[in-house]
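Below are the chains, spelled out letter by letter.
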Amino acid sequence: MSESMRNFLIFLLILAVVIGGGVLLNSLFSVPFFLGVTFVAFGLITLGGAVAVVTTRNLFRATIWLMVSLFGIAGLFVLLEAPFLAAVQVLVYIGAIAILFTFAVMLTRSLTQLKDRYNRPYATLAASVLLFAFLTWVIWQVWGNWTPSGDIMLATISDTTDLGVALVDKEGLVLPFELASLLLTAAMIGAIVIARDVDEDEKEKRG
Amino acid sequence: MIPLWLYLLVSAALFSIGTFGVLARRNGVAVLMGVELMLNAVNINLIAFWRYMSPTEVNGVAFAAFVIVIAAAEAAVGLAIIISVYRSRHSVVPEEADMLKG
Numbered sequence: 180m181s182e183s184m185r186n187f188l189i190f191l192l193i194l195a196v197v198i199g200g201g202v203l204l205n206s207l208f209s210v211p212f213f214l215g216v217t218f219v220a221f222g223l224i225t226l227g228g229a230v231a232v233v234t235t236r237n238l239f240r241a242t243i244w245l246m247v248s249l250f251g252i253a254g255l256f257v258l259l260e261a262p263f264l265a266a267v268q269v270l271v272y273i274g275a276i277a278i279l280f281t282f283a284v285m286l287t288r289s290l291t292q293l294k295d296r297y298n299r300p301y302a303t304l305a306a307s308v309l310l311f312a313f314l315t316w317v318i319w320q321v322w323g324n325w326t327p328s329g330d331i332m333l334a335t336i337s338d339t340t341d342l343g344v345a346l347v348d349k350e351g352l353v354l355p356f357e358l359a360s361l362l363l364t365a366a367m368i369g370a371i372v373i374a375r376d377v378d379e380d381e382k383e384k385r386g
Numbered sequence: 531m532i533p534l535w536l537y538l539l540v541s542a543a544l545f546s547i548g549t550f551g552v553l554a555r556r557n558g559v560a561v562l563m564g565v566e567l568m569l570n571a572v573n574i575n576l577i578a579f580w581r582y583m584s585p586t587e588v589n590g591v592a593f594a595a596f597v598i599v600i601a602a603a604e605a606a607v608g609l610a611i612i613i614s615v616y617r618s619r620h621s622v623v624p625e626e627a628d629m630l631k632g
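Same order as they appear, the protein sequences are chains G and C.
Convert by adding 179 to the 1-based position in the first sequence; the result is the number in the numbering used here.
Convert by adding 530 to the 1-based position in the second sequence; the result is the number in the numbering used here.
Calculated directly from the structure, the hints in this document are not laboratory data.
In this text, all values refer to a predicted model and were calculated from it rather than measured experimentally.
Take the hints with a grain of salt, since some may be wrong.
[Claimed, not checked] Which bits of chain C does chain G cover? Going by a derived footprint, with three or more residues having C-beta under 8 angstroms, they are:
1) 531-539
2) 559-570
3) 573-586
4) 607-617
Yeah, the Cβ is synthetic: ideal placement off N, Cα and C, and Gly gets one too.
Build out the structure end to end from the sequences listed, making use of the hints.
Below is the structure:
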C-alpha cells in the first residue's frame with residue numbers, strides 16, 4: 180500500500196471517529212451535534228498530539244507535536260467559554276514556550292538521536308495506565324451522575340473586563356498579580372545568569 | 531451541554547500521558563515537555579470546574595492564568611539549566627547531571 184493511500188485511510192478513520200463521537204454524544208447526553216463534533220475533534224487533537232510528544236524519536240518533531248496538542252487545549256478553552264484564556268494559551272504557550280523548546284532542542288542538536296529513547300518503558304507505561312484507570316474510577320464515582328444546576332448554565336459568564344478589574348482590585352487579586360510579575364522577573368534574570376556563557380579571560384580574572 | 535466528566539476524562543488522559551513522558555524519556559528537554567503537558571491537564575480541570583461550578587466568579591480564569599505564568603517561568607529556568615548542564619557535561623540526560631552528588 181502506498182503511503183498516500185495509508186494517510187488517506189487514517190484521515191477517513193479520524194473523520195469517522197469524530198462524526199461517530201458527535202452522534203454518540205448527541206444520542207446519549209443530548210449534546211448538540213456540532214458541539215459534540217467539536218469537542219471530540221479538539222480532544223483528539225490534544226491527546227493525539229500529546230501521545231506523539233512522548234513517543235517521537237526526533238525531538239524537533241516532538242516540539243511541533245507539542246504545539247498541536249497545546250492548540251487543541253486552546254480549542255477546549257473556547258468550548259468552555261473562556262476565550263481570553265484560549266488567546267493567552269496560543270500567545271504564551273505556542274508563541275513563546277514552544278519556541279523556547281525549539282531553541283533548547285536546536286542548542287543541544289547533536290543529541291536529538293539518543294540511542295535509547297526511554298528508561299524502563301514498559302514499567303512506566305503500566306504505571307501511567309494504572310494512574311489513568313484510577314483517575315477514571317475516581318471521576319466516575321464522584322462526577323459520573325453529577326449535572327450542573329440549570330441557572331449556572333444560563334448565568335452571565337464573567338468576561339475579560341471582570342478579570343482585568345479583579346487583577347488590580349485591592350480587595351481582589353492584586354497581591355498574587357504583583358507576586359506573579361516579580362516571579363517572572365526573577366525567572367528571567369535567573370535564566371539569563373544560568374545560561375550565560377562565561378568567556379575565558381573573565382574566568383581568569385575571577386581566579 | 532457536554533457532561534463535566536468528559537472534560538475531566540480528557541484531562542486525566544493528558545495528565546497520564548505527561549506522567550509517562552516525565553518518567554520514561556531520557557532526554558531532559560523531553561522531560562520538560564511532559565511537565566508542560568501535565569500543567570495543561572491541570573488547567574483544563576480548573577477551567578472545566580470554573581465553567582460548571584461558578585462561571586459568574588472570576589477566580590477560575592485568574593487561577594488558570596497564574597498557572598500559565600508559573601509554567602512560563604518554569605520552562606525558562608528549566609531550559610536554561612539544561613543548556614548550562616549541556617555546556618559543561620555535553621549531555622542532556624538528567625541522570626548524568628550528578629555534579630552535586632557527594
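Against the structure, the hints:
Requiring three or more residues with a Cβ within less than 8 angstroms of a Cβ of chain G, the coverage given for the region 531-539 of chain C holds, as 9 such residues are present. For the region 559-570 of chain C, the stated coverage by chain G holds: 8 residues have a C-beta nearer than 8 angstroms to a C-beta of that chain, and at least 3 were required. Interface restraint, the region 573-586 of chain C with chain G: holds (11 residues with C-beta to C-beta distance below 8 angstroms; minimum three). Counting residues of the region 607-617 of chain C whose beta carbon lies closer than 8 angstroms to any beta carbon of chain G gives 9, which meets the minimum of three for the stated coverage.
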